[in-house]
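If you're matching them up, the sequences are chains A and B in order.
Our numbering numbers the first residue of the first sequence as 1 and each following residue consecutively.
Our numbering numbers the first residue of the second sequence as 1 and each following residue consecutively.
Certain hints may be false.
Which stretches of chain B does chain A cover? Using the computed rule of at least three CB atoms under 8 Å from a CB of chain A, they are [to be verified]:
#, region
1, 21-34
2, 74-84
3, 99-113
4, 139-146
5, 152-160
Hints were generated in silico from the structure; no laboratory data involved.
Virtual Cβ for every residue (Gly too), placed ideally from N, Cα, C.
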Amino acid sequence: MSAELPRMARGRRNRFFEAEGVDELLSMVMELTAEVATLRERLYVTERVLEQNGLAVGEGIERYEISDEDDAWLTAERERLLSTVLRTVESGSRDARETAPAGEDSGNQGDSTGDSKSVRAA
Amino acid sequence: MIQPQPHDLQPAPTRDERARQEFVSGLRRHVLTRLAGHMRGEYDEEVLPAFEREQGRPPADGPEVHKAMRGTRAFRFYSAVRTNAQEMVFASVIPGVERRIAELADQARALRDDDERAGGSLTLDPDLEVPRNVTEIDVHLAPGSYHAEYGDDDVAAGALYDHSINVFAFGQFGRELDDIGQTLSHYIRLKYPEFRPQRILDCGCTIGHNTLPWARTFPEAEVHGIDVAPGVLRYASARAKSLGVPVHFRQMDATKLDYPDASFDVVFSSMFLHELPLKDIHAFFREAYRVLKPGGVLWNMELPPNSRMAPYESFYLDWDSYYNNEPFYKPFRDQDYRGLCTGAGFAAEDFIEATLPRYSFVGEAAFREGVDQPALFDSQTGRMDPKGTRWYAFGAWKQA
Numbered sequence: 001m002s003a004e005l006p007r008m009a010r011g012r013r014n015r016f017f018e019a020e021g022v023d024e025l026l027s028m029v030m031e032l033t034a035e036v037a038t039l040r041e042r043l044y045v046t047e048r049v050l051e052q053n054g055l056a057v058g059e060g061i062e063r064y065e066i067s068d069e070d071d072a073w074l075t076a077e078r079e080r081l082l083s084t085v086l087r088t089v090e091s092g093s094r095d096a097r098e099t100a101p102a103g104e105d106s107g108n109q110g111d112s113t114g115d116s117k118s119v120r121a122a
Numbered sequence: 001m002i003q004p005q006p007h008d009l010q011p012a013p014t015r016d017e018r019a020r021q022e023f024v025s026g027l028r029r030h031v032l033t034r035l036a037g038h039m040r041g042e043y044d045e046e047v048l049p050a051f052e053r054e055q056g057r058p059p060a061d062g063p064e065v066h067k068a069m070r071g072t073r074a075f076r077f078y079s080a081v082r083t084n085a086q087e088m089v090f091a092s093v094i095p096g097v098e099r100r101i102a103e104l105a106d107q108a109r110a111l112r113d114d115d116e117r118a119g120g121s122l123t124l125d126p127d128l129e130v131p132r133n134v135t136e137i138d139v140h141l142a143p144g145s146y147h148a149e150y151g152d153d154d155v156a157a158g159a160l161y162d163h164s165i166n167v168f169a170f171g172q173f174g175r176e177l178d179d180i181g182q183t184l185s186h187y188i189r190l191k192y193p194e195f196r197p198q199r200i201l202d203c204g205c206t207i208g209h210n211t212l213p214w215a216r217t218f219p220e221a222e223v224h225g226i227d228v229a230p231g232v233l234r235y236a237s238a239r240a241k242s243l244g245v246p247v248h249f250r251q252m253d254a255t256k257l258d259y260p261d262a263s264f265d266v267v268f269s270s271m272f273l274h275e276l277p278l279k280d281i282h283a284f285f286r287e288a289y290r291v292l293k294p295g296g297v298l299w300n301m302e303l304p305p306n307s308r309m310a311p312y313e314s315f316y317l318d319w320d321s322y323y324n325n326e327p328f329y330k331p332f333r334d335q336d337y338r339g340l341c342t343g344a345g346f347a348a349e350d351f352i353e354a355t356l357p358r359y360s361f362v363g364e365a366a367f368r369e370g371v372d373q374p375a376l377f378d379s380q381t382g383r384m385d386p387k388g389t390r391w392y393a394f395g396a397w398k399q400a
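Let's have the full structure, built from the sequences with the hints guiding it.
See the structure below:
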């Protein structure tokens with residue numbers, strides 16, 4: 001015997017927020033949180049298993065000195081993550097250019113905000 | 001931590017599935033403690049004062065509180081996160097059930113056919129029409145509800161119920177998910193020590209988790225458990241065999257019991273009445289009265305009636321009726337429970353009710369002290385709360 005069990009209950013799903021999409025967004029956030037929790041548990045267990053096999057990685061992880069090369073990789077990775085998550089709020093119009101990092105050239109950011117307003121008004 | 005169930009049909013989750021189940025179980029606990037507390041705070045600090053200013057009085061009942069709370073931030077997030085948690089409970093265990101669906105069916109069959117194990121029996125009725133209140137709704141958002149079947153001897157619905165309730169309950173139902181059965185059976189044993197039931201019936205028994213405690217509390221009794229859905233009963237029978245407790249499981253509709261008059265000393269139900277339309281509740285009470293022997297007792301665990309709850313508590317417990325695919329809940333809880341009993345033939349003076357601490361958590365000595373206390377209706381009554389849930393039960397003795 002094999003079967004594909006239904007994943008969702010039948011019937012209309014509850015809606016608790018008036019704005020379109022917010023209920024769905026909340027569900028996505030909860031699922032993502034579950035994924036994060038699962039990853040963290042797996043990582044934790046990975047460290048324990050390595051310890052059991054003679055590799056005291058927990059301590060090693062705490063003591064690890066981030067090299068310049070590590071820093072460059074990690075910084076780029078953080079930027080990629082932030083840009084990916086904020087993509088829809090960072091790009092205000094089709095010809096929006098990459099904005100400078102926050103804190104630099106704030107005059108340009110003010111201009112680009114003004115540009116996107118005038119695009120919408122048009 | 002989610003305790004694995006001590007029977008042979010327990011799930012075998014992968015590491016990641018187990019982590020996800022732990023997360024969801026913790027989320028359930030978080031919603032019912034922190035988010036619920038936050039919502040109560042918003043009611044006390046903002047909604048209630050505003051209502052009193054506007055109306056010159058506090059809310060009169062649950063529906064007035066519901067209406068006042070519905071647009072508030074705390075209510076929206078409590079409700080949305082709680083709904084998601086409920087959906088995630090099932091989503092977290094379905095892959096494991098699906099993966100082992102054939103193996104579970106084989107394992108359950110082998111257990112049921114094992115004559116070396118404890119007695120009991122399973123009698124299914126393929127001609128029984130599963131009622132629409134079961135087939136038409138995925139009750140408490142369980143995909144497939146109680147009745148879905150996926151092949152011969154399938155037990156998927158039972159496995160889904162068992163595995164999911166383990167996640168759902170964040171430990172509050174006890175080690176074998178049977179605290180309700182333990183609490184209600186031990187109450188009868190301690191409150192009425194002369195009463196020696198010989199035949200006990202659990203109606204709407206699902207996987208028998210609250211049926212087995214009756215057999216353990218009254219080992220000389222013959223215990224029966226009935227339900228309309230075949231898959232959960234196959235699972236129940238195998239589970240009971242695995243745990244060494246003899247129970248006779250039968251596929252039957254509690255509104256049309258296939259038992260003779262005056263054939264049971266106890267008719268019991270747990271979290272069952274609220275899943276029935278009102279006309280079926282009345283029919284069940286009449287059947288319970290019919291099959292009870294004179295001197296027998298009807299004893300139901302349920303959420304307390306709205307008439308005994310303060311408006312906020314009434315609103316809080318009504319939530320499942322509106323948002324958890326349990327549409328019969330509020331119509332049931334709006335009833336006069338004594339009236340349900342007298343309407344079926346029980347005498348008004350023979351009505352009994354109690355609010356009880358959880359037997360398997362507080363132990364015999366502390367429980368014994370609570371047995372003679374009057375029923376207490378407050379914010380802990382009927383709520384699943386690690387600070388101290390109190391189960392509510394009601395019913396009636398049939399005059400001898």
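Quick rundown of the hints versus the structure:
1. 21-34: Check passed, 4 qualifying residues.
2. 74-84: With 8 residues close enough to chain A, the hint holds.
3. 99-113: holds (count 3)
4. 139-146: Coverage by chain A holds here, the residue count being 4 at a Cβ distance below 8 Å.
5. 152-160: Holds: 4 residues of the region 152-160 of chain B have a Cβ under 8 Å from chain A.
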